[in-house]
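Take a look at the letters that make up each chain.
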Amino acid sequence: MSAAERGALEPVQRNDLLGWLTTTDHKRIGILYLTTSLGYFLVAGALAIVIRTQLARPDNTVVGAHAFAQLFTLHGTAMIFLFVAPFALGLANFLIPLQIGAPDMAFPRLNATSYWLFLFGGLVIFAGAASSEGAAATGWTAYAPLSVLKEGTGLGQDLWIVGVFLVSVATILTSINFVTTVFIYRAPGMTMWRIPVFTWEMVATSLLIFMAFPALAADLLLLFVDRNLGGHAFDPNAGGSALLWQHLFWFFGHPEVYVMILPYFGVISEIIPVFSRKPIFGYSGLVLSAFAIAGLSMGVWAHHMFTTGAVNNPFFSFVSFLIAVPTGVKFFNWIATMWRGSISFATPMLFSIGFLLNFLLGGVTGVMVASPPIDFQAQDSYFVVAHMHYVLGGGSLFAIFAALFFWWPKMFGVKLGEGLGKLCFWLLFVGFNVTFFPMHFMGLDGMPRRVFTYANLGQLPLLNLIATAGSYVMLAGVIAFAANVIVSTRKREPVGPDPWGANSLEWWTSSPPPEHNFHSLPPIRSERPVFDAKHPDVAARTPR
Amino acid sequence: MTGLRLFISSAVFAVAIATAYWSIAHEIVGTFLLAFMAFALTFVAGYMIVAEREADLAGDLTDARVADAAGELVGTYSTRSPLPLWTALAITCVGLGLVVSPAVAALGVIAVLVLGAFFIVQSR
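Protein chains in written order, with this note's numbering: chain S, 1 to 544; chain Y, 545 to 668.
Don't take every hint at face value.
Here are some chain S residues pointing at chain Y (derived, C-beta under 10 Å) [as the list claims (entries may be wrong)]:
1. THR24
2. TRP116
3. GLY121
4. ALA127
5. LEU159
6. GLY163
7. VAL367
8. MET368
9. GLU515
10. SER520
The hints are simulated quantities; they were obtained by calculation from the structure and are not laboratory data.
Please read these numbers as outputs of a predicted model, since none were measured by experiment.
For each residue, glycine too, the CB sits at the ideal point set by N, CA and C.
Chain S with its partners taken away, still in its complex shape (with noise of 0.2 Å):
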């Protein structure tokens, strides 16, 4: 084939809003899967600061109590649903072609639908807030029998049902996708047990959608059937069970916290490495213990059903106890990495290192409330939610500022300052701590989640109000990465293919890649080809 025929083959990107709209390029997808989740982010925060104003202090009337139940049933669900897992698809939609080194997804196309459909289904879930009786109010759980009920939860918690199935779908449509493109489509050279860190983990939370979406899908058509179609699964007067929304939901909802975590597990395992000079301790480990993790997850749903009295707890508790030996191995890894390493502490080591601390203390209390006679005492109370915070919030969050800072210069040809880096840093690690620390107290004093106002009584108001001032120091966090995005853009300093000396094969391309990721590719001889390439005497030295 003639250059000239050649040419006429390859394709052409527009860069106009059509070329945006009708994109099958997995690094556009992934980076508009990556905006709009910032976007659904932003709103999700917005509603959190409104939660955190009520109840700065006792018999707030900021809101009132269902505006307050619509709150925080759209700021869960926001950020479960369309921020945080959805950040890591998009992320992974980005660099797992790159990683591998590939041109694109197996399936641009279902890519591109998947993406729209986790678009529409985020916007068809905020629309309940126009109509007449609000957004959905039954919390981002929507416990039967509950939101079974018409009176109260209208057409807002249908349009929840429908929005939350149509992202399920996406979601369960994605992973597909990652599986077969890195089952498929890795360059030559590039066996399984040489791809980085990060897509092995995108891998495993692939198989755990696989395992756990379905499930939630089941369990809303049931809803729906029930709320719609006379149906009766969850009503126990007909034969029904309010527990069987349990079961289904948290069949789903524990894996979807793996889902949540390992991507960033695998966003961790990328970037200490490249900051610690060193490469990874126990490449193999990491890689078996996620997979542990995700087959451990699919047993624990019930320790969610503790205090029901109708679940093996035992059972729970004990497969619970097990996924932090895992999670500990990964631990044990990263300080492994670091330790007797050359560390700097660029922006995104130093939101590594405050993942690394957050996370172990939102790991310490799972393990405390996976233990029966503990969370007897913390169900449902603020100790619960500091617990979930820590880990969705201070490990999740943290490494999703971690990818935007590491991975921007990929994204985009263009680093984010480091000063204003460092400052959003400060600013959400110490708002972070002063939000959600004190809540462990608010819950041991009895405080329960999910209520509007509470009793001026011992330190809650305190405590309250220390929250609250943190959650207005983790705003200022953010808009000072919004200024940091503002002030680099404007300046424009374009970097090299690898401005951080990094070690996988996304950093041998330009940055931003071209249309089809490659022009060549160096030999790939182990997990780190780029560093191979550019150091070949250590290369020669390291034992394979």
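Fit chain Y to the given chain S structure using the hints.
Chain Y in isolation, oriented as in the chain S frame:
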């Protein structure tokens, strides 16, 4: 082979945990969910055993070079298509229609069928 091993070990794990759960808890909903998960994973593993017989991937060779995967240039990935956006809109219409108006749902179903046909035609 690693991918296949992954699905086989996941299926074995699912069978083990389903059995353990039923033996200890005697609870039907969880056992059914775990058993279904085991069945689904076994199905995928079975499919992969068949598919891998025909697979010959340069990505699986430890000392492969880029040139090893070279062959006849039969085309390139398309980087744009209007179908995904319209298909997602149509599916959303089906969902919304179920809540607000059966007519919207019917319109959505027709659109999904038409767009599905376009997908099939384009894929040939």
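Verification of the hints:
For THR24(S), the interface hint holds, since its Cβ comes within 10 Å of a Cβ in chain Y; the closest pair sits about 5 Å apart. Of the supplied interface hints, the one on TRP116(S) holds, with its beta-carbon coming within about 3 Å of a beta-carbon of chain Y, less than 10 Å. Annotation: interface hint on GLY121(S) holds; nearest CB of chain Y at approximately 8 Å, less than 10 Å. At a threshold of 10 Å, the smallest CB-CB gap from ALA127(S) to chain Y is about 8 Å, leaving the interface hint in force.
Taken as an interface hint, LEU159(S) checks out: its beta carbon lies about 6 Å from the nearest beta carbon of chain Y, inside 10 Å. The restraint placing GLY163(S) at the interface with chain Y holds, with a minimum CB-CB distance near 8 Å, inside the 10 Å limit. Because the smallest distance between the Cβ of VAL367(S) and any Cβ of chain Y comes to about 20 Å, over 10 Å, the interface hint for this residue is violated. The interface hint given for MET368(S) is broken, as the beta carbon of that residue sits about 23 Å from the closest beta carbon of chain Y, more than 10 Å.
This hint holds: GLU515(S) has a C-beta 6 Å from the nearest C-beta of chain Y, less than the 10 Å allowed. A hinted interface residue such as SER520(S) counts as satisfied when its beta carbon comes closer than 10 Å to some beta carbon of chain Y; here the least separation is about 8 Å, so the hint holds.
Of the numbered hints listed earlier, those contradicted by the structure are 7 and 8.
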